[in-house]
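If you're matching positions, the sequence shown starts at 987 in our numbering and goes up one per residue.
Honestly, I wouldn't trust all of these hints.
Computed cross-link-like contacts, BS3-like style, restricted to lysine-lysine with a CA-CA straight-line distance of at most 30 Å [claimed, not checked]: (1) K1452 with K1506; (2) K1565 with K1398; (3) K1778 with K1744; (4) K1538 with K1280; (5) K1402 with K1565; (6) K1359 with K1142; (7) K1744 with K1734; (8) K1778 with K1565; (9) K1538 with K1090; (10) K1012 with K1092; (11) K1012 with K1452; (12) K1359 with K1092; (13) K1565 with K1142; (14) K1359 with K1280; (15) K1280 with K1444.
Don't read these hints as lab results, they were simulated from the structure.
Computed from a prediction, not measured in an experiment: that's the story for all the values here.
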Amino acid sequence: MSVLHLAILLPLLAAPFIPFLFRALKRIHTGWFVLIVPVVLFVYFFRFIGITSAGDVVTETVEWMPSLGINFTAYVDGLGLLFALLITGIGALVVLYSIYYLNKDKESLGHFYVYLLLFMGAMLGVVLSDNMVVMYMFWELTSISSFLLIGYWYEKERSRYGARKSMLITVFGGLSMLGGIVILESIVGSFSIRDMVANQAVIADSPFFIAAMILILLGAFTKSAQFPFHIWLPDAMEAPTPVSAYLHSATMVKAGLYLVARMSPVFQESPIWLWTIAAVGTFTLFWGSFNAVKQTDLKGILAFSTVSQLGLIMSLLGLGAAALHYDGMDDNIYMVATIAAIFHLINHATFKGSLFMMVGIVDHETGTRDIRKLGGLMTVMPITFTIAVIGSLSMAGLPPFNGFLSKEMFLKATTKVFSMDFFALDTIGILIPVVAFIASVFTFIYSLIIFTRTFMGKAQFDKLPKQPHEAPIGMLIPPAILAILVVVLGFVPNVLSNSLIKPAVESIYPTLVASGQEVKVDIYFWHGLTPELFMTIGVILLGTLMFYTINKWMGIYNRIPHRLTLNGMYDGTLVWSNKAAYRFKDNYMTGFIRSYLVYIFLFLSGMMLFSMYWFDLFNFSFGEMEPVAPYEYVLGAVVILASIAILFMRSRLPSIILLGVVGYSVALFFVFFNAPDLALTQLVIETVSVALFLLVFYHMPEISKKEVRVKFKIENAIVSIIVGVTVMLLSFMVLSNRSLSSISEYYKENVYDLAAGKNMVNVVLVDFRGFDTLFEIVVLAIAAIGIYTMIKFRTTERTKGAREHEPKK
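Take these sequences, add in the hints, and give me the full structure.
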């Protein structure tokens, strides 16, 4: 295994040791040991910048299941490296922040940091895996670890609710994505993303192209909280603030964006890919910003703002796909959208990470996040206020911060929609820049709400659970670093142009780069009097007006009943599905084993018959069959008559006797067919079975009236006939459609030479299929232990109950 693989797996390898460190070193905060992992990984991945900026990639492969085309191929290009640096860099700051945020004496830090490291390793696996099956494995691990992190404070009902909600929605998307992966592999014959990109034309010509695309997008949309799957993210805010800062600013929610960016070279030839992503992203941008304004919890505002910002980046990735259709047009102006997507992805991680940490500081030092109780904190928390102003104004898209630059590029990309004539839009195309403008207005409003309602205005310290004061320096360092990056990237944006942004964009446009078209990344403030500049001025003017008149129009949020909202529909669906599941369970869980056998036999028979029909296997040949002797007819008739007679017995005793007749008759068949071992085995089993039936005969229930009804007997007879006919046809089909010689020939030739045994059956069971026999013995042993335990437990409970009811002396 290479160093690169070890780097990806390092968080997963370190996680099991955290609980031991937590228990052994009580005086030292466990976070100091955990901090080493992301710092080391950030330094390690930082060394790859020179490689990717030169246009090269690093690939290391470890064979896992090569026969299935599944290998752990680590692939570091510009896009993967950008995400790896975000995961480890923001991860290091979050761990440092958590050291001062989480009390080592009150919190179960052993659990917290295990979950955090699992998540970090899973995210690295997602963004650095070339094999999509391996990527899917890490993808689902992010869902599991985020479930554990969101539900960290499991004693709170809302934490458990948020964790379940995120799990249900993201795992649904993950399973959908797995379906898309399987379809793509069936088309290309490989799970490698690079192979899929190389065979993009083959995929585009496949009739399953749209199905694969939709399934992949479901995985991306659910993970990145796109409408209507965004409802899990606000409830995930019940997690500790370090978790929110990490999962929802730089990692988990960015996984869906990564998937769209990574799969764009595979699907972007289709206009459907472009407009689906652009439309969903733009509406998510609006819906998130619109709902953020009505929130009264600071983390609630940031949750919906994250939904909004993710929609913005998603729409940019969609619009950027137009670059492939306009090769060479004005230096491919549509590539600006993809450049803006990558740049805003970095910017969002900086300003949103700092804002989440700022909210955590406010909550930690005042005891509340409710903006109705906050206000006037600027005088007592000046450093936190500065961080909040920088992060909020950058998120609002105001100069001189980095958010302004990427927001301008976003507005520029939306105004170019009208030039896209390869997919007829007519008047619908105007909706994208209009919705983007409206969403930007609401973004401006909630950004003002964050710092004005928290730090400005009249102080209400008497309403706060704690006397407010500035946070300790250790808690201020991580958000301060991110705030400084917001300012630096605003004034010197091109510091990342050729080192991170350009290589990442080139990873999304491999075909254009291969054709010789250069990706030019030059980000600067002044572009002249452009439409996007006037749109920004309009956002500021209209946003300011609406902010100061907010009480006059806030009533629009009360017009929709809860049950008609997406959250109401989700809750209603869960309640309905639970009731439906219980009702369905009550109908088929009758308590009778015979009922369950009917379900199993009918299902298996139906599947077998359907498969035989579908593959046209109803072609039987009886030429190689041996002639049937008269005594075999007689014995067969005995078996048939005994089986039919069982259905009409009114007592258990004759039923058991007839069942024995069937078993012993089958043993005679084995004798006639020269299989003495099988005959002896059948005789022993049949004797033991009949003996056991007779021994427990006294304790068996009487035959119910239902069992003697003609209808009940006819149902049993029909099921029996279907199963018998299915097995008979299956046997005929196997005999008539042999494509290979019988394996018995191999055993005949090798039993004595390889196993030194003359009894073929014994040698096969003990030597050739020794592991089968061993595992069967293990299963029987486990079953025996389980039965003994239940009997012992039941006996103990009865003894205990008898003692409790004994009269006291």
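For K1565 and K1142, compute the direct alpha-carbon distance and say whether it is at most 30 Å. holds, 25 Å
Under the criterion that the straight-line Cα-Cα distance not exceed 30 Å, is the pair K1402, K1565 satisfied? violated, 50 Å
Assess, step by step, whether the Cα of K1538 is no farther than 30 Å from the Cα of K1090, and give holds or violated. violated, 47 Å
K1778 and K1744 were given as a pair; does the straight-line alpha-carbon distance stay at or below 30 Å? violated, 44 Å
Do the alpha carbons of K1744 and K1734 lie within 30 Å of each other, as the hint requires? Holds, at about 10 Å.
Between K1452 and K1506, is the straight-line Cα distance small enough, at 30 Å or below? violated, 52 Å
Can you confirm whether the C-alpha distance between K1359 and K1280 stays at or below 30 Å? holds, 15 Å
Straight-line alpha-carbon gap K1538 to K1280, limit 30 Å: holds, 13 Å
With the threshold set at 30 Å, check whether the alpha-carbon distance from K1012 to K1092 stays at or below it. holds, 12 Å
For K1012 and K1452, compute the direct alpha-carbon distance and say whether it is at most 30 Å. Distance of about 27 Å is within 30 Å: holds.
Just to be careful, I want the Cα atoms of K1359 and K1092 compared with a cutoff of 30 Å; is the pair within it? holds, 26 Å
Are K1778 and K1565 close enough, with their CA atoms no more than 30 Å apart? violated, 36 Å
Violated hints, in rising order: 1, 2, 3, 5, 8, 9; the structure is consistent with all others.
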